[in-house]
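> So the chains spell out like this:
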Amino acid sequence: MLVVDGLVKRFGGFTAVNNVSFKVDQGEILGLIGPNGSGKSTIFNMLSGTFPPSAGSIRFAGTEIAGLPPHRIINSGIGRTFQIPRPFRRLSIFENVALAGYYGQGSHSRSKADEAAERALAMVGLPTDRTASVDGLGAAGLKKLELAKAIATGPKLLLADESLGGLDEAEMDQAAEMLRKIRTELGITIIWVEHIMGVLMRVVDRVMVLDHGEKISEGLPSAVSHDPRVIEVYLGTDAHATQATAAAAAAAGSDPARR
Amino acid sequence: MLELRSIDAGYGRFQALFGIDLDVKAGEAVGVIGPNGAGKTTLMRVISGLIRPTKGSISMQGTDVLTTPAHRIVSLGIAHVPENRRLFPRLSVEDNLRMGAFMPEARARYRERMDFVFDLFPRMKERRNQLAGTMSGGEQQMCAIGRALMSDPKLLLLDEPSAGLAPVVVQQVFELVKRIRAGGLTVLIVEQNVQQVLQVVDRAYLLEAGSIRASGASADLLADDSIRQAYLGV
Amino acid sequence: MMEIFDIYLLEALVNGILLGGVLALLALGLNLIFGVIDVTWICYAELVMIGMYGMYYLFSVYGLPYWVAAPICILLVAALGAALHFLVIEPLLGAPPINQLLATGGVLFVLQSFATVAFGIDFRNLGIRLPVLALGEMHFSYARLLAFVAALIGMVAVYLFMTRTYTGTAIRAIAQDRQIMALMGVDTKKIYLVTSALGGGLAGLAACLLVLQYDVHPFVGLSFGPITFLICVLGGLGNFVGGFVAAFLFAEIISLGGLFSDLEWGYVLAFAFFIVMMFIRPAGLLAKRS
Amino acid sequence: SAQAQEKKIKIGVIYDLTGPLAGGGSELQYVGAKIMIDNFIKQGGVEGYKIEAIYADAQSKPDVAINEAVRLIEQEKVNLVLGFFSSAQCVPVAARVEQLKNFMWITTCISTAVVENKNLKYVFRPQASGQQFGLMAADMIEKNAKAKFGKEPKDMRVAIIHEDGSYGVDVAKGNEAGSKKAGFNIVLKEGYSATAPDLSSLVTKLKRARPDVIFHTGYNPDITLFARQAREQGLKFGALVGHGAGYGVYEKLKEGMGSDVNYVFNIDPISIWLANQSALDPKLPPVIKMVGEEFDKVKPGVAIRSAHVGMAASNSYVFFTEVLPRAIKKYGGVDPEALRKAALEVDLPEGGTMLGFGVKFAGEGSPIAGQNERSFPVIIQYVDDKSYVVWPKSQQQREPVLPLPKTSGFSNQ
Amino acid sequence: MNKQLAWGVGLAALVALPFVYRDPYHLHILVLILIWSFAYTSWSMMGRFGLVSLGHGGFMGVGAYVTALLWNHLGVSPWIGIPAAMLCAGVLALIVAYPCFRFRITGHYFALVTLALSGIVLQIIIATRDYTGGSLGYTPERTKGSHIVALQFDDKVVWYLIALGIWAGGLAIWYWIDRSMSRYAMEAISEDEDAAAAAGVNVTAEKLRITVLSAVMTAMAGALYGQYQMFISPDTVSGIAVSLQMVFAAVVGGIYVALGPTVGAIITILLAEVLRIGFGTKAVGWDNLVYGVLLVLFIIFLPKGILGSLLAWLKSPSKHRDG
Ligand SMILES: Nc1ncnc2c1ncn2[C@@H]1O[C@H](COP(=O)(O)OP(=O)(O)OP(=O)(O)O)[C@@H](O)[C@H]1O
Ligand SMILES: Nc1ncnc2c1ncn2[C@@H]1O[C@H](COP(=O)(O)OP(=O)(O)OP(=O)(O)O)[C@@H](O)[C@H]1O
Ligand SMILES: [Mg+2]
Ligand SMILES: [Mg+2]
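Chains as they are written, first to last, in our numbering: chain G, 1 to 259; chain V, 1 to 234; chain P, 1 to 290; chain E, 1 to 413; chain A, 1 to 323.
Calculated directly from the structure, the hints in this document are not laboratory data. Take these hints with a grain of salt, some might be off.
Stated by the list, open to error - With a straight-line Cα cutoff of 20 Å, these simulated EDC-like cross-link-like pairs (lysine to aspartate or glutamate) come out: (1) A:282 to E:76; (2) P:190 to V:105; (3) E:101 to A:23; (4) E:181 to E:142; (5) E:118 to A:130; (6) E:386 to E:255; (7) E:8 to E:337; (8) E:254 to E:385; (9) E:101 to A:155; (10) E:254 to P:177; (11) E:7 to E:337; (12) E:118 to A:154; (13) E:118 to A:23; (14) E:121 to A:154; (15) A:315 to G:135; (16) A:144 to E:116; (17) E:77 to A:23; (18) E:77 to E:335.
Chain G extracted, bound-state conformation (with noise of 0.2 Å):
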């Protein structure tokens, strides 16, 4: 559903992104992973349309969008979340998420919004009363409603930035079951960014790595975490190249559903 072709991200002199292709299907994880500043985020950000790309074609279930304003992107069908969670905090944790139904689906009715902020707030599991404040949430909530915001808009791609950063384990779990949830149950395809191997390679389909901008390595998450070029630049020789690959080995034996 979404076909990567040539994309480039140049920022001044520097090539944040450089000749990146790749495609994404119908209902699928893919693992986005790479070290720090390989161009993770920029991809996210060129493919939400936050910054037009240098160069390069996205096209999203047929049609082009590289270069698009936002909305027309969220319009379109992709959703995304930010790194570092971004909630509007003069509204309510109920308000923040109506918002985005309201204006990520385009539709432009009320009930609509409230409605899909009630279904959203509950698959992340925060409280649905219209009051309670952005304030009372911790780190772990407000990836939740950063999550909560991306579906609400009433994406087909979820482009997942970091859910987990600063979550302890139990939380992390949660949040991995829940991007497994939203892709079963709300059919949503998923692009994931993350730095926590152990989960990562645990839900994902497939893994694409990054580094200094350029794809390095792309596959099935048994086979990338074995990738000589990938435990060198990002997985570091011990234990998360054996967490990834026990995590990896351990989802591709449970999980039926992959292929």
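Take the given structure of chain G and dock chains V, P, E and A with the ligands to it, following the hints.
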């Protein structure tokens, strides 16, 4: 080296810490773990003077921290890498590092410290003129740690240093913590990554809902079943 | 005829540059306050006005020599700047920026009416007449040359101070994250004191030189206030070199615009230029485009 | 019955005591009017009517002037409003006063626009209009062109510059009309804002235009700035003719221009202390003396008493001696209607006021209804810290010095 | 329900007022307060969302001058002239604001761009004095025909009722926005434009809508002011001074509550009036001195505005937030 006695602290009417007692001895690495919202960050802020406790006492190598003005606490040898990095986004990397060496004591050794930090994080040297706000999350974390090290501290407070870092960098950070310790620096570190932090610290405190629930040597905590259940997901 | 035209055009050009010096001098202190520490002193030009009165009293009433009066006046306005910070800005540091704008707007009223009450509504004048530099048909004012040189030296000095010293770096940092300054060992009060006094001092410097060219009256600030703000923004907030260049661009537009058309339209042109430039280079004349 | 005993006229007096106009001359006008009002209060009133004055500050803002006028009329129930310095205030206030059918006595506000085609019934201005100022300036230059400049009027190069407020614009219109009539070559006509931080391009244009005479209308800060930049840029000319306001305050002019002030012309209603006293009504010289003494008490140590003071004093005096007694005696009171009828009947010949001119108001139907048809300004010249009336011939105290002698920094000789 | 009743009674009382109490000067002040309240409310439509405009003097000037110019030169009735003037202001707002929002000019930058705009409008009015009367100001010609067509009334009561209606209309619009999704969108935009866009909000369009609405309403206020005073001058309806006056009054009253700007108008106008009359000519200049000091104190000690702080204070003891 650092002693906290029955600290109460909070934000306005909201109390976040209840009667905290905590010790860090010279040369030790101590961890603080606990769920979200337990008050870990608050604890760090109290030590570095960003917020003042409502009750209790803190001393650093015999000096009363609470009577020391906030901006003099760095001079006692306490450096704090705050949660979420908190860099100066529109200053260059180099200027951020320079801010870390603001104290008169540190200025004299500016070059030397700078080389030390660049050694530690070659990426920072590469990006020394980039505005800190435009760097990736991981790069910013490096910069924040580097900035704290610029003051040549005796005690380094790290608040979730591994958050958002690539696994290879997380390893580097923890190795770094080890190296820093080897250099005689004392470290107090807050982490979600319990598994790994317990491998680098000597002792740890478990904080829950603003009180210390448990404490002890890392090995003991790692062996404790209830902790393994709650925090290691095992 | 053409020849004469050329020389007058040249004179207007050079006069534009000299006016630019005056505006650049004014913008210098404001850029420090408004551009760097992100505090809005809407009453900046009124500080200059008080400084000009200071010069008038020290020089004309108390009979001090100019070179003695000037440093006293600079100190005076520096103290005023610091007082402004601690009385008005400090309590508002956490409030929305618009509140700073308004509080200092209130101070603007206060200073204007204070001057009216204390110094009367008469126009005051030092009565110093500096010699004139004549190059053939063209004549230039020493008072303006002086302002130009002061602006240039001031700009370089402030630039070096801001980029080369620890205090300068701290000044640039303070607007970005005030809370954690203490972690760096920085006493924020002291930094604010230094900055506001410096900003005030620069206003005082401007006052010493402006008083050689302009009459003082309680409303003299109106002539300069808005344009000074526009220059700071046009040059890029906190960008001293940009501010300097912007001052000259503005001055040339006013000067040449005034030569080719009516004086009044010169200002319309300058304002319009500002708006257009905001669209073309929103982050300031010298900013790199991202 | 208490009311019947206590006969009283309440006067609302409005000038600018703060803001830019205050220093431009409004405050001096206020002093002049107050001296005269206090004088009549001290005398115990007029024709058995006690006088009560309520003063208000228009703060150099038209909306404040409107508000104060409305307040004085509707709230304080004054019988008339008197004063006003700026034409930008006079225009709307006059309209309001007409609407409220009150009475307005304007001592200053020289813009022609205040009365022109307004068909005002209750508004009177004994003062000369701005265009008269402008015309007078052109008249003097025209009559002296041949003798002093050695040129035909059509060869005279004149430049008209003015602040772009109501006052400058109006005077400049008069300058232009007069210059056209005289056949001068107008080489430049330009307005500028009184708060402009720079006039150097104006000076450059003047240098290029090489005028023999500059007609200038402005307030203080801009006059100083212009003079200073003109000198610094080496502008040369044969005569500088100012038109009241800033040029009327010699002290400030001298402070700003230094010795360059020598031989500058100024057009204003004559300063009452310069008036040819033998030509005046004999009861006036003691009043002039009184005003002078009172003024010295308010502002001691002023070398040349500003014309502004006398202007307001004289124009107020006309009200108290001509309008008020007639209204009371002939029309039975001080209501607006009585005051209006009394004002229309004022008929003073030349020499009948301290300013030298007479008073006869244009009545209903005239395009300038409410304007004193007998008023005229005079031209004075500042010579060595003294001022002399040099024009018109009838008032002349000495010959004008034209063109600027070589001793002047501006001389183009 | 109770609240609605209170509103109804309040409004009815306001409508009845001039028939009971007819002091003309006080009515005059009331009319001014109502017109300015409407203008300040219009400003705070934007101001409450962090769009600090220092250019509303320009819109006010366009409203007043276009209406008066059309009437005097072309004989166009203000009933058509005012909508035309509002249209002009709207177009002007579009021309300036669209690039601003497109190029992400916000905060200080936006404030100063709009400041320049009001400077331009002022200068143009002055420079085109052959049409506008320049700094002498401009007077709509008195009608020789119908007062209603010319929108000129000598009776202050009529004006009071007109101003009251407009003011109430302004409040209604305020409420309408407050209840609408636009408010959510604008709050979101004022905090974080990227995040708002990621929620699907068309940031540029939303900002433009609110800006144009605010500009158009301000132009209407300017036109009404001109019709009521029967006089406009660049200083009273245009330029930087008026723009600042709007910001002041609105913020002093409180920009986050509906009646805040109204309270701001009442306080600033009455305060200026009382101080000026109180000090009179005995202590010249002191009224503005005291006025300035009070403004500074208000803003330092009541940062949410007088009404905003008052409401917050009334609420806080009764309603315990979080816990
Ligand atoms: N606006 C910008 N100007 C200049 N450089 C930028 C800008 N935004 C990003 N970069 C650079 O582009 C590179 C890629 O950044 P990006 O945020 O996409 O990394 P990332 O892969 O998301 O890293 P992390 O895992 O740490 O979040 C980084 O080196 C960063 O410094
Ligand atoms: N600035 C603040 N104002 C009010 N309450 C705060 C503030 N900062 C933190 N809190 C509250 O204090 C409590 C402790 O917060 P703290 O940040 O110390 O937790 P933490 O253990 O660091 O959590 P995390 O793992 O999410 O970083 C939380 O309930 C939090 O909501
Ligand atoms: Mg990222
Ligand atoms: Mg924390």
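> Could you grab the alpha-carbon distance between residue 118 of chain E and residue 154 of chain A and see if it respects the 20 Å cut-off?
holds (18 Å)
> CA of residue 144 of chain A to CA of residue 116 of chain E, is that 20 Å or under?
holds (18 Å)
> Between the alpha carbons of residue 190 of chain P and residue 105 of chain V, is the straight-line distance 20 Å or under?
Roughly 18 Å separates the two Cα atoms, so the pair holds.
> Within 20 Å, alpha carbon to alpha carbon, are residue 101 of chain E and residue 155 of chain A?
Between residue 101 of chain E and residue 155 of chain A the Cα gap is close to 14 Å, so the pair holds against 20 Å.
> CA of residue 118 of chain E to CA of residue 130 of chain A, is that 20 Å or under?
holds (17 Å)
> Hinted pair, alpha-carbon criterion (20 Å max): residue 101 of chain E, residue 23 of chain A. Please report holds or violated.
OK: residue 101 of chain E and residue 23 of chain A at ~17 Å, within 20 Å.
> What's the verdict on residue 254 of chain E and residue 385 of chain E, does the C-alpha distance respect the 20 Å limit or exceed it?
Within the cut-off at roughly 9 Å; holds.
> If you draw a straight line from the CA of residue 77 of chain E to the CA of residue 23 of chain A, is it 20 Å or shorter?
Distance ~12 Å between residue 77 of chain E and residue 23 of chain A Cα, so the pair holds.
> Taken at face value, is the distance from the CA of residue 177 of chain P to the CA of residue 254 of chain E at most 20 Å?
Judged against 20 Å, a Cα distance of about 54 Å means the pair is violated.
> Hint check: residue 282 of chain A vs residue 76 of chain E, CA-CA at most 20 Å. Holds or violated?
Answer holds: residue 282 of chain A to residue 76 of chain E is near 17 Å, not above 20 Å.
> Holds or violated: residue 315 of chain A with residue 135 of chain G, Cα cutoff 20 Å?
holds (19 Å)
> Between residue 181 of chain E and residue 142 of chain E, does the CA-CA distance stay at or below 20 Å?
holds (10 Å)
In the structure shown, a violation is registered for the earlier hints numbered 10 and 13, in ascending order.
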